[in-house]
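Undergrad: The chain contents come next:
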Amino acid sequence: MVDLYFAGVDVGSLSTDVVIIDGGSNVLSEVVIPTGVNGSEAAENAFNSALGLAKLTRESIVAVTATGYGRASVAFATGKTTEISCHGVGAHHLFPKTGTVIDIGGQDSKVIQVDSQGRMLDFTMNDKCAAGTGRFLEVMATRLELDLDELSSPLNISGESAPISSTCTVFAESEVISLLAKHTPREHIVHGLQRSIVNRIWSMVASIGIEGEVTLTGGVANNQGLVKLLEEKLGLPLNIPENPQTVGALGAAQIACRKY
Amino acid sequence: MMIPNRSEYLKSLAQSGQKIMGVLPALYPRELLWAFDIHTAEIWDPPGEILHANAHLQTTICPIVKRSLEFILKEPEIINAGYLFPHTCDSLQNLGTQVKDLIGVNVPVYTFYNPKGSFNNTTTKYYREILQNFQTTLETVYEPLNPEKLLSACVLGHKIDSRLMAIQQARMTNHLSLDNSAYFELMRAQEYLLPLDYLNLLGKIDILEQAIEPARARLMVSGILPPSPEVLKFLDELGVSVVADDLLAVSRRIPKFPMDAPLLPLDYLTDRFFILPPCSTRAGDLEERLHHIDKLMQASQAQGILFDIVKFCEPELFDHRLLVKTLRERNIPVLTLETELQAYLSGQDKTRIEAFTELLFDMVSA
Amino acid sequence: MSLRAELKYKIIKDYGAPALMAFQDLKKRKPRPIPEAFGPPLESNKRLKEILSRHYFLARYVPGVKKVAWVTSGAPVELLRAFDFYTIYPENHSALVGARKQGADYCSIAEGSGYSQDLCSYARIDLGHLLSGKTPAGKLPKPDLLFCSNNICQTVLYWYKAIAHELNIPLIHFDAPFVATEQTEADINYMAQQLQDMIPILERVSQRVFYVDVFERILKSSQETSQTWGAILNAMEAQPAPMTIFDAFGHLAPIVSLRGLPVAQDYYNILREEVDTRVAQGIGAISDERYRLIWDNIAIWYKVRFLATFFAERKMNFVTATYTNAWAETTGYLDVTKPWTSMAKTYGRIILNNNLKHRLDLMKKMIKTYSVDGMVMHSTRSCKPYSVGQFDLRKAITADLNLPAVILDADIADERVWSEQQIHTRLEAFCETLEGSKHG
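Residue numbers (the numbering used here), protein chains in the order written: chain A, 1 to 260; chain B, 261 to 626; chain C, 627 to 1066.
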């Protein structure tokens, strides 16, 4: 089984991620590239780079599971599964005591409950509005003329936070504009925005409940300020994967292996 | 199964001189209108872009109300006998008076109150009086009612009810070979076909002697309208069959149990109203609704339930929280979709539905 | 009912509450300075605060002494009073939470438990309170009974149904058929019969007997109080008006939640005397009243002060509102000799249960009577019966009366639905139009 190789391809709205594993679940390579306008091309490119990094040929990969927004557009996939199942499986693999997965992705955020095998028991997703997603932060970063990394710098969380009460991205943006007009320090606004996302996520978590350890996945898990606030709000520590962005692809690779 | 296209069918009816009344959701004494030779064409979710209605309604108003108003504002010729606004919710209540008293249309506007809350003798007596008053109103516009005609309208309605019950029963027990799309197309044809045409159509549906192989996963749906054709088709593709429903537009308008053939029309219509399944829009009891859903799930062996909620629909949203909470406690998989009655399936909803079926399949195979 | 609880309640009522009120008065910080734009504040404000604090304070000692009912603002509470229920008005409580700018906190508790963000914020706040026990009023007693009427909206019925289920207590619903054209005999008889059907249930829950003379006395008191409230509102026809509608939003609380009780009547006698005196002396609520406005829909509780100041600074005063008028409009129908049918008329015909032609005519009449120069409509996410139709009402009123008008999109108690920038721009533009129209 160790000589068999599996790949997971996660074509998300912002980035396309590929993970290659062997039959023993060891990760051989991981690649993250921007999705751009053409998902199938991005999948192709990311897959090729991952093969190169792992020093493998296409033929040696026996099964590929595609996931994410563009899962239907991955021509070389042998199966497809939603990113919701994949994040559950991936998070469970990294942290076997995981009972709840919070994934804050580019377009969606989700809360997933998994059983002791990593199988999904229940899930909830944000509504259509982008508040509470990576997209929300991106819009606000543009408005604040900060790049995303600056937005995620660790903050003094006991510091002051500007009130951002709106739950809608468009409304929140106009609140940010008023705050800027009043010369509110940018770090207070950033803090307020993070609080607003955390409240949003908290509502989703509350609606399905917490079981076991909680693992945070998706690119937003790199945002240290937000992670701290979320831990504070939930009252428990979060498992943060080393590469939170590729958990979906990792789960997809695992599923490819399980199904093989 | 050939079901005529809604707008073409109504157009040709209107051209042939048929009186047609546009009826908004949801509960109304259709037989009474039929007895005046008025055809009832229901308006739930007219397709197309919402444009003019936005000048009359806020953004936070439900899409059924908005789409209906968009339709009414076009003053369609097929609606030649007026509009009927049954009292269903706050928004439709206000839309009725808004259209009648502020916007104005070129045909008459009627309203019909449906009592709310728990029912007793006082309610029954009142409902019968409402029917009587509605009859009087129609008599002042048209000729005096012919009692024979009302009785035969009730008989026709009774036959449709009976046949629909049989078909729903067959659906729950795998004795119907229709996919999701075809099944709900059939259910929704009652919104616009002449009652006799609809009865004939129902008569042509095969109820199989032998049960067919059940689908890979079985689902019950709840909400106002059936899921959009796009959702139904997607469920068909995934191998999921919708086997039972708690939808206002479908089974909440069919009596809970068979009724005797009508003898006294107004008594029959009154009885019928009070044995409809529990409904959020009548503020029916929550326990009773849960019990009703339970019964349907058991009878149909559904493994999960899909709530297809119309955005901003207050009556459904209040009930929804308790229903979901209770079903979750019983480990029944629940998925909620929010719809604005748009004619496409968003990527996000696709993911939701697919993830939900992954969960159902896992459960079936476990 | 335990003797001890009863004794404790009596002591608290007669000695504890007055002492506390006096103490609160002592420790009160210096009052906020009144901006120049305003006239002298109403003396009655102090008494109002006392009455309301006392009502919420006493509520803590009520369990075991009186049965507690949660009641909607449009419900025929006179019937409950005949059984001596202690009444709590969740709508009033939610408005209080909203005014303290805590609406979003309570709403998110309800949202976290699965209630949609699209639901009425009064309901979400109340459910948030129920699920968490949180309240700015210290502590609210749990209800023994729920009493609601859909004459203000269907929402209250869905909302109370949810509470009834949550707490497993009885819900009495007064079904008020919407007046699409006019009330029919059948409507009136149906409502009258429902009220009479309630008596045995109320007797059972309250363990008290129904006495018709007690009921008639309450009905009479309620009618008098409503009429006094009406007279107070009428006093605002004076130029300058002796109070602003933002004051009235506060002074509304007793007529909504204490009508039928002597304390409400006593209070409005005081208030009426004060406004009448102010009229006689020509004292206005704002120091220089140049423009007179009408307000439509429920208050924006978290922005009352902001709006009051914004308009006062521009010499604009709100002198009438469909909202405050709602508790005075139909009381003329009350008739102690025909309690049941007259209650059916009073409670069945109130503004939100009546068609939009009625509303349009009423608003036009108010605009004329109160010499109104402009109209502000609050379009509120929470309240469909108050908001659906406003666009066309506005069109009809501006066209027929040539009256400048503006619509503000906001919410009654969820402060997250407030776009400062947008509202400011709209208000400024409205004021410019108004100034232009009067002097142009």
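Hints were generated in silico from the structure; no laboratory data involved. A quick note: this is a predicted structure, and the numbers were derived from the prediction, not measured. Heads up, a few of these hints could be off.
[As the list claims (entries may be wrong)] List of simulated lysine-lysine pairs, DSS-like, C-alpha gap at most 25 Å:
| id | chain 1 | residue 1 | chain 2 | residue 2 |
| --- | --- | --- | --- | --- |
| 1 | B | Lys-585 | C | Lys-760 |
| 2 | A | Lys-80 | B | Lys-409 |
| 3 | C | Lys-964 | B | Lys-334 |
| 4 | C | Lys-727 | A | Lys-233 |
| 5 | B | Lys-585 | A | Lys-233 |
| 6 | C | Lys-639 | C | Lys-675 |
| 7 | B | Lys-385 | C | Lys-964 |
| 8 | B | Lys-493 | B | Lys-385 |
| 9 | A | Lys-259 | A | Lys-55 |
| 10 | A | Lys-233 | C | Lys-639 |
| 11 | B | Lys-385 | C | Lys-1021 |
| 12 | A | Lys-233 | A | Lys-80 |
| 13 | C | Lys-994 | C | Lys-983 |
| 14 | C | Lys-672 | B | Lys-585 |
| 15 | B | Lys-571 | B | Lys-610 |
| 16 | B | Lys-585 | A | Lys-80 |
| 17 | A | Lys-259 | B | Lys-610 |
| 18 | B | Lys-334 | C | Lys-1021 |
| 19 | C | Lys-727 | A | Lys-182 |
Undergrad: Against this structure, judge whether each hint is valid.
TA: Do the hints match the structure? See the list:
| no. | hint | result |
| --- | --- | --- |
| 1 | B/Lys-585 - C/Lys-760 | holds, 22 Å |
| 2 | A/Lys-80 - B/Lys-409 | violated, 59 Å |
| 3 | C/Lys-964 - B/Lys-334 | violated, 48 Å |
| 4 | C/Lys-727 - A/Lys-233 | holds, 21 Å |
| 5 | B/Lys-585 - A/Lys-233 | holds, 23 Å |
| 6 | C/Lys-639 - C/Lys-675 | holds, 16 Å |
| 7 | B/Lys-385 - C/Lys-964 | holds, 22 Å |
| 8 | B/Lys-493 - B/Lys-385 | violated, 45 Å |
| 9 | A/Lys-259 - A/Lys-55 | holds, 24 Å |
| 10 | A/Lys-233 - C/Lys-639 | violated, 41 Å |
| 11 | B/Lys-385 - C/Lys-1021 | violated, 41 Å |
| 12 | A/Lys-233 - A/Lys-80 | violated, 35 Å |
| 13 | C/Lys-994 - C/Lys-983 | holds, 17 Å |
| 14 | C/Lys-672 - B/Lys-585 | violated, 45 Å |
| 15 | B/Lys-571 - B/Lys-610 | holds, 18 Å |
| 16 | B/Lys-585 - A/Lys-80 | violated, 31 Å |
| 17 | A/Lys-259 - B/Lys-610 | holds, 22 Å |
| 18 | B/Lys-334 - C/Lys-1021 | holds, 20 Å |
| 19 | C/Lys-727 - A/Lys-182 | holds, 20 Å |
Checked against the numbered hints given earlier, this structure breaks hints 2, 3, 8, 10, 11, 12, 14 and 16; the rest are met.
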